[in-house]
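**Q** The primary structure of each chain is shown beneath.
There are 2 protein chains.
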Amino acid sequence: MRIAVLGTGMVGRALAERLDGLGHEVTVGTRDVATTLARAEPDAMGNPPFSSWAEAHPRVRVTPFAEAAAASEMIVNATSGDGSLSALTMAGEANLTGKILLDIANPLDFSAGLPPTLFVENTDSLGEQIQRTFPGAKVVKALNTMNAFLMVDPKQLANGDFSVFLSGDDAAAKAAVTNLLRSFGHTDVIDLGDISTGRGAEMILPLWLRLWNAVGTPKFSFKIVR
Amino acid sequence: MRIAVLGTGMVGRALAERLDGLGHEVTVGTRDVATTLARAEPDAMGNPPFSSWAEAHPRVRVTPFAEAAAASEMIVNATSGDGSLSALTMAGEANLTGKILLDIANPLDFSAGLPPTLFVENTDSLGEQIQRTFPGAKVVKALNTMNAFLMVDPKQLANGDFSVFLSGDDAAAKAAVTNLLRSFGHTDVIDLGDISTGRGAEMILPLWLRLWNAVGTPKFSFKIVR
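Which chain is which? The protein sequence lines are A and B, in order. Counting in this note's numbering, the first sequence runs from 1 upward without gaps. Counting in this note's numbering, the second sequence runs from 1001 upward without gaps.
Pulled out of the complex, with its shape left as it was, chain A reads as follows:
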């Protein structure tokens, strides 16, 4: 499939690499390609600059958001939550309409320091904001409840014996995302319901962040035992 991954951080890189490895035709979208590739220093988290990642993944094209979205059948939103609506607006409503939009972002607000809070919660969610802003897109919320490396390679933890949640209004889009998740190695895909159920999946981020500290590693995940 032709897939656009919007975002060049660790989540975008993990998704793009895995999708490329599975044989998909991947385009990474970014705000400004020249600026993105010009960064020569590791980021605040110590991750190497995107340019070295791009060099190591020559099959993956790097283009502006709009070009990536226009070229693809599925769009993955791997931008930071507070930049998602802006990035998707740059991608262009026409380039999203009729397409599956897999939303991985979390509405984290770091403006008051650590731990971050959520800038939308309880009666609304980032997934719903995106769906309302782009009504022609088929938004599916998933994967936002785990570390990037587990998103794309769940087998590296307990042989993948944990759960991933789906929320969305379009059944066919959810089925397509389910297939994609299974191709990554996920075995327990739980369909929560319509896009509003993504509120719940986004609202476990504060617990996720506390657990990271409590268990001492980001390589953990939620399993729904039943």
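Hints may contain errors.
[To be verified] DEER-style ranges, computed between Cβ atoms: (1) B:1052 / A:22: 32 to 38 Å; (2) A:136 / B:1048: 48 to 54 Å; (3) B:1093 / A:182: 51 to 57 Å.
Hint data in this document are derived by calculation from the structure and do not stem from the laboratory. We treat Cβ as the ideally placed atom computed from N, Cα and C, and that holds for glycine.
Got chain A; can you put chain B on it based on the hints?
**A** Same frame as chain A, now just chain B:
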């Protein structure tokens, strides 16, 4: 131990029965004993009236909130979230001071229908509200993330192979609650940190409620796979 269970709903009954069965001296606290015992009809959920439960558990005393708290070394808040501060105020600050207050309640707001939202979230929590209101109590948040029957008898699901979270400012109180949880059969007790970490544990309720619908049973729970 002498333990007060505040609340006569399914959570309070499950806790009181289990604690009584384990040999603790249990007092159930309620707003008005005569009113509580006078109800002859099942509640809105179809549960039998409290009076029949009380008859079946003759060792468990039923008293007003204040008397239950005064008689006990540990207080369990099993009231509904929107009535918790009121119930604890009736229990009396002096009767809570210096004691462990195990808070199981969730800040659910049913005023706009189903599913409920949270009346406090993100930058505050019910556990913190209780701790601020009763600074002399040693508040420990726990057990609020699972069904009442699993709280007290985790072995009935996957032989107890799931997680329970702890939040609180007092290390000795958390150790005592941990011992209590282990006596129930819990094996994976995760200490999240101070009472503010209970925000995370309370904020997974929206996901819990959606999962109840998605998996078709309330007998499920979260396991932190790591």
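**Q** Confirm or reject each hint.
**A** To see whether the hints hold, each was checked on the structure:
Remark: the range hint 32 to 38 Å for residue 1052 (chain B) to residue 22 (chain A) is contradicted by a beta-carbon distance near 59 Å. For residue 136 (chain A) paired with residue 1048 (chain B), a C-beta distance near 52 Å keeps the hint of 48 to 54 Å intact. Evaluation of the 51 to 57 Å hint for residue 1093 (chain B) and residue 182 (chain A) yields a pass: the beta carbon distance comes to about 55 Å.
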